[in-house]
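In terms of this note's numbering, the sequence shown opens at residue 58 and continues consecutively.
It is worth saying that the hints were derived from the structure and are not from the lab. Careful, some of the hints might be misleading.
What the hints assert, rightly or not - Straight-line distance between alpha carbons at most 25 Å, and here's what the computed BS3-like set of lysine-lysine pairs gives:
1. K99 to K139
2. K99 to K152
3. K152 to K139
4. K152 to K225
5. K202 to K225
6. K189 to K202
As the list claims (entries may be wrong) - Across the chosen pairs, the derived CB separations fall in these ranges:
7. G224 to L95: 21 to 29 Å
8. I252 to P113: 39 to 47 Å
9. E196 to K139: 17 to 25 Å
10. H206 to E80: 50 to 58 Å
11. Y72 to S247: 29 to 37 Å
From a predicted model like this one, the values you see are computed outputs, not experimental measurements. Each residue gets a CB set at the ideal place from its N, CA and C atoms; glycine is no exception.
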Amino acid sequence: EADHAESLRQGGRGYLVSCTTIEEASEYLKEYLNSYSLEDRKQCATFRKRSVWHHPDDGNVPDAFFPVMHHGGPRLVLNEGKYPCTNTIHRAFFKSDTGMLDRKLTSLTLLSSFSQISSEIEGRSYGAGVLKHEPREAERILILKPKIHGNTINSVYRQADILLRSGKVDGARQLVDASLFEALGRTNASRDIEILDSALREIRSLRHR
């Protein structure tokens, strides 16, 4: 909630139209909605899919968000505030019996070099080095989920969050790599991490050309 409030304070767009009939809307909103002709509504595939063409919230609040487009690599952002979203971002849902620790671990492991390489393979590259994932492509991204103590998951999650907020994406990835490979018990973990890091940098350099 604090993140949402801060985004709004900085001028970000953080609200959805929330009226099921135009009659419920304010005069300004009525004027805006009425600017869409019946023909415009019929031609818009997104509008046709909705029971109420101007009401984007279908009531299905996602457990996490997965951006469609990425310049770096994908992230799975847990929706702890229980916010809805538009179709410009993928909605992710966990099974009902998936606990918060498991959700945090899933979010973390997607940051790993291993999963970032997998995401480069499964996604599509567009102009200016943009990487895009449709839902089926996102589902094919491989992840590592070794058994990790809950306290460790919470600690790494907090540290990764701080690093990501400060723009240190590579630092967050390296933190996750170290934690995952330690849990996997690899005898030469540092070498494995080095190889994956090098491979990721190479594949991304090709995409950004």
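So, going through the hints one by one against the coordinates:
Among the hinted pairs, K99 with K139 is inconsistent with the structure: their alpha-carbon atoms are about 31 Å apart, more than 25 Å. For the suggested pair K99 and K152, the alpha carbons sit about 35 Å apart, so the restraint of at most 25 Å is broken. Proximity of K152 to K139 is assessed by CA-CA distance (about 16 Å); at most 25 Å being required, the pair is judged to hold. With a CA separation close to 31 Å, the supplied pair K152 and K225 exceeds the 25 Å bound.
The straight-line distance between the Cα atoms of K202 and K225 is roughly 23 Å, inside the 25 Å bound, and the hint therefore holds. For the proposed pair K189 and K202, the alpha carbon gap of about 24 Å is at most 25 Å, so the pair holds. Between G224 and L95 the Cβ separation comes to about 46 Å, which falls outside the hinted range of 21 to 29 Å. Separated by about 44 Å at the C-beta atoms, I252 and P113 satisfy the suggested range of 39 to 47 Å.
Separation of E196 from K139 is about 23 Å and conforms to the stated range, judged on CB atoms against 17 to 25 Å. In this structure the hint that H206 and E80 lie 50 to 58 Å apart at CB holds, the actual value being about 55 Å. For Y72 paired with S247, a C-beta distance near 47 Å fails the hint of 29 to 37 Å.
Checked against the numbered hints given earlier, the structure breaks hints 1, 2, 4, 7 and 11 and satisfies all the rest.
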